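Number of protein chains: 2
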Amino acid sequence: MQHHAGAEDLSFEVGTALEAGPGRHGRSGVIHTPHGDIATPAFIPVATKATVKTLTPEQIAATGAQAILSNAYHLYLQPGHDIVDEAGGVAAFENWDGPTYTDSGGFQVMSLGVGFKKVLAMDTTGLNESDIRAKDRQRLATVDEDGVDFKSIIDGSMHRFTPEVSMQIQHGLGADIMFAFDELTTLVDSRAYQEQSVERTLRWAQRCLVEHDRLTRAREGKAKQSLWGVVQGAQYEDLRRHAARELVALSDAAEAEGRRGFGGFGIGGAIEKENLGTIVGWACDELPASKPRHLLGISEPDDLFTAVEAGADTFDCVAPTRLARRGGVYTLDGRMNLTAARFKRDFRGVDEEFGGYVSENFSRAYLHHLLKAKEFLAGTLCTIHNVAFMVRLVDNIRSSIEGGYFDAYREEFLGRYYAHGGRAPEGR
Amino acid sequence: MQHHAGAEDLSFEVGTALEAGPGRHGRSGVIHTPHGDIATPAFIPVATKATVKTLTPEQIAATGAQAILSNAYHLYLQPGHDIVDEAGGVAAFENWDGPTYTDSGGFQVMSLGVGFKKVLAMDTTGLNESDIRAKDRQRLATVDEDGVDFKSIIDGSMHRFTPEVSMQIQHGLGADIMFAFDELTTLVDSRAYQEQSVERTLRWAQRCLVEHDRLTRAREGKAKQSLWGVVQGAQYEDLRRHAARELVALSDAAEAEGRRGFGGFGIGGAIEKENLGTIVGWACDELPASKPRHLLGISEPDDLFTAVEAGADTFDCVAPTRLARRGGVYTLDGRMNLTAARFKRDFRGVDEEFGGYVSENFSRAYLHHLLKAKEFLAGTLCTIHNVAFMVRLVDNIRSSIEGGYFDAYREEFLGRYYAHGGRAPEGR
Numbered sequence: 008m009q010h011h012a013g014a015e016d017l018s019f020e021v022g023t024a025l026e027a028g029p030g031r032h033g034r035s036g037v038i039h040t041p042h043g044d045i046a047t048p049a050f051i052p053v054a055t056k057a058t059v060k061t062l063t064p065e066q067i068a069a070t071g072a073q074a075i076l077s078n079a080y081h082l083y084l085q086p087g088h089d090i091v092d093e094a095g096g097v098a099a100f101e102n103w104d105g106p107t108y109t110d111s112g113g114f115q116v117m118s119l120g121v122g123f124k125k126v127l128a129m130d131t132t133g134l135n136e137s138d139i140r141a142k143d144r145q146r147l148a149t150v151d152e153d154g155v156d157f158k159s160i161i162d163g164s165m166h167r168f169t170p171e172v173s174m175q176i177q178h179g180l181g182a183d184i185m186f187a188f189d190e191l192t193t194l195v196d197s198r199a200y201q202e203q204s205v206e207r208t209l210r211w212a213q214r215c216l217v218e219h220d221r222l223t224r225a226r227e228g229k230a231k232q233s234l235w236g237v238v239q240g241a242q243y244e245d246l247r248r249h250a251a252r253e254l255v256a257l258s259d260a261a262e263a264e265g266r267r268g269f270g271g272f273g274i275g276g277a278i279e280k281e282n283l284g285t286i287v288g289w290a291c292d293e294l295p296a297s298k299p300r301h302l303l304g305i306s307e308p309d310d311l312f313t314a315v316e317a318g319a320d321t322f323d324c325v326a327p328t329r330l331a332r333r334g335g336v337y338t339l340d341g342r343m344n345l346t347a348a349r350f351k352r353d354f355r356g357v358d359e360e361f362g363g364y365v366s367e368n369f370s371r372a373y374l375h376h377l378l379k380a381k382e383f384l385a386g387t388l389c390t391i392h393n394v395a396f397m398v399r400l401v402d403n404i405r406s407s408i409e410g411g412y413f414d415a416y417r418e419e420f421l422g423r424y425y426a427h428g429g430r431a432p433e434g435r
Numbered sequence: 008m009q010h011h012a013g014a015e016d017l018s019f020e021v022g023t024a025l026e027a028g029p030g031r032h033g034r035s036g037v038i039h040t041p042h043g044d045i046a047t048p049a050f051i052p053v054a055t056k057a058t059v060k061t062l063t064p065e066q067i068a069a070t071g072a073q074a075i076l077s078n079a080y081h082l083y084l085q086p087g088h089d090i091v092d093e094a095g096g097v098a099a100f101e102n103w104d105g106p107t108y109t110d111s112g113g114f115q116v117m118s119l120g121v122g123f124k125k126v127l128a129m130d131t132t133g134l135n136e137s138d139i140r141a142k143d144r145q146r147l148a149t150v151d152e153d154g155v156d157f158k159s160i161i162d163g164s165m166h167r168f169t170p171e172v173s174m175q176i177q178h179g180l181g182a183d184i185m186f187a188f189d190e191l192t193t194l195v196d197s198r199a200y201q202e203q204s205v206e207r208t209l210r211w212a213q214r215c216l217v218e219h220d221r222l223t224r225a226r227e228g229k230a231k232q233s234l235w236g237v238v239q240g241a242q243y244e245d246l247r248r249h250a251a252r253e254l255v256a257l258s259d260a261a262e263a264e265g266r267r268g269f270g271g272f273g274i275g276g277a278i279e280k281e282n283l284g285t286i287v288g289w290a291c292d293e294l295p296a297s298k299p300r301h302l303l304g305i306s307e308p309d310d311l312f313t314a315v316e317a318g319a320d321t322f323d324c325v326a327p328t329r330l331a332r333r334g335g336v337y338t339l340d341g342r343m344n345l346t347a348a349r350f351k352r353d354f355r356g357v358d359e360e361f362g363g364y365v366s367e368n369f370s371r372a373y374l375h376h377l378l379k380a381k382e383f384l385a386g387t388l389c390t391i392h393n394v395a396f397m398v399r400l401v402d403n404i405r406s407s408i409e410g411g412y413f414d415a416y417r418e419e420f421l422g423r424y425y426a427h428g429g430r431a432p433e434g435r
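Taken in sequence, the protein lines are chains F and R. For the first sequence, my numbering begins at 8 and goes up steadily by one. For the second sequence, my numbering begins at 8 and goes up steadily by one.
Source of the hints: derived by calculation from the structure; they are not laboratory data. Be aware that a few hints might be false.
According to the in silico footprint, chain F covers these stretches of chain R (three or more CB under 8 Å from chain F) [stated by the list, open to error]:
#, region
1, 86–95
2, 362–376
When the alpha-carbon atoms are kept at most 25 Å apart in a straight line, the in silico PhoX-like pairs for lysine-lysine are as follows [to be verified]:
#, chain 1, residue 1, chain 2, residue 2
3, F, 379, R, 381
4, R, 379, F, 60
5, R, 381, F, 381
6, R, 379, F, 381
7, F, 351, R, 229
8, F, 158, R, 379
9, R, 158, F, 351
10, F, 158, R, 351
11, R, 379, R, 351
12, R, 351, F, 229
13, F, 351, F, 381
14, R, 158, F, 379
15, F, 351, F, 379
16, F, 60, F, 381
17, F, 379, F, 60
18, R, 381, F, 60
19, F, 381, R, 158
20, R, 351, F, 60
21, R, 351, R, 381
22, F, 158, R, 381
23, F, 158, F, 60
Treat the numbers as computed from the prediction; the structure is a model and nothing was measured. Using N, Cα and C, we set each Cβ at its ideal position, and we do this for glycine too.
Taking the hints into account, I'd like the entire structure generated from these sequences.
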């Protein structure tokens, strides 16, 4: 792996910008971190439990991935952030020689339950707000002004996260980029609840800034970590804009007082696919162009173009790795599932036009065999393919911005990818 | 991976021999195959279903492994040897750029059942021959003069293997080295049954030679495969010696008639650990020094020394890969299981003195975490470690033969490995 001359603290350089307009803030750039640079836009693979599932660090690097994102909730529960801290932080623990992100745990403490997940997936058929809240109370988290009580998904034990606890965990994990602790709401929460929640998330952001500043001073000698505030506000334009403006104000005020401000911003919450660009655009209208922006958790190739156009610089997503373990692979002509019987004697690579390690070295027939035989190597190879596919797609998007042909590239790529509804045709 | 200038057909060069004596035929050497050389003694990792479980071909090569062994039974059932044949053989199918072996399927058709496995593991407490035979009949294989009927472990469907079928499958798989189809007996079979079985296995060996010769001619243009006869005879000296002598005679007769003979020999059957050296020694007393010998399926480090001393040139074993997936790892001080709580904060490598990729890059604490979190990467990393450990151990044995210090190396290695009963002490 490449060794980078690390920056002392995080900084961001804007490269080429798309022609700007309301809600259109796409650009290329470079995030300098103490552990190396991230050329943006960049796809950040998810390493939930300090491992991009099935891959060694060398295999992750070979996909072209520049940074990986772990989760504070999972690593707090297992093995414990204190152990990761003793190991020298999450990058040292997993032997990843590059930049790292950690998510705050806010999403997970409130979402790791079946009933709630359904709502996040926008499957609200037949549910109303009181149903959801009842389900929440049964199995999940209780939010109060100070923080959140939740049940461990591992052993059912009770735990409590506050903004301060999230900062302490994320300092223990020691990622270059971390996020403020926020409340996740759902689309079926009332407008009144969303308003209260946004205000609470802003108060939590302020507490995160204070605790982050304290911990940074207390842990002198450690690599500098950058805290990013998270814009919530669900599907409401006024709430999203308000949240973004207030986070910027909190950051500016902290810096004016000689404390650390936000090094960048996250855009979070449950967002319906059809509103993705609009909502990211609202946030980016209000956020300073000088700081990087991360969109938390998106899924489909068309979402990448939409998010980049609106102004997201980096984004993470579990879809490429999760799909891969079940045999779902991306191709230039859409997705296909290699467990299908038609691949039994198909000796072509997964996508010979796309190329890459997996397509050049293994046949669909071999991957089909490994999947049917439930061999571990199936997940590894499909994961390498999918992560490399996503990383290269976003690399190409970056080139298209820098070359001035973003719109043409989007039309070409998505036109082909979705020609058959996003599913690769049988013949391919 | 290294590309080898392949030999046209298999050949063997003896290097340095241990001081010989009855039952002591250890030596170093080189097996030349059409897909590269194997410096012997060599440990051959098992790739049952055309994958060394969890590892990419590059990861296998990085362990130092020179060749891998797949199984005719498993690949016949899934994906089918016809598909592997269409892919260009098992090496091309799995993208392994080196020599390959296939086992004949004889062991598996008769052993893949719980009752029988117990017997192979020498756990015959409370069982007598009629119990075993009854269990066999219930769930397993029926042996007749012509071949074996058996039930698929995948879907329970009925199949039949004969010597000819095994040859056809193994020609489809196209490995450099393959084995004659033999009957597996158990230690509780009667002496009379063992006698009948040895004779039948010899008749099957002859049928294998004939069918192998026919297929080699029929499949002109394919890389030449080498068929190795398998010495059976259980725990009986006279039967083992007889079987070995007869196999040599069959091979010589074939060659005298212008047909292909055996390129080497396998030593098979259920062998009690304490008789391993003696039984391999009987066989090697009778086998020509000019041909390589493979011991089928051994397990512990001390067995390696015993087998090598007696005269085995190569051997395979599933233990390193199977143990690894459950967190069992080899160290110079014995085996340890990384799932144990004492590794939670142990930031040392698995075996820093042994070194290698895994010990140099990951801590016991990280591997412990991956194992507890049931992450796939745990199996991959422990497998890399264990295979590299076994390969290097056998490489060291080879050097010790060539350097004239085999006995001293055995004493040193085993003395330390078994100082605590084969289990690494707590403090280590």
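Against the structure shown, which of the earlier numbered hints fail to hold, in ascending order? none
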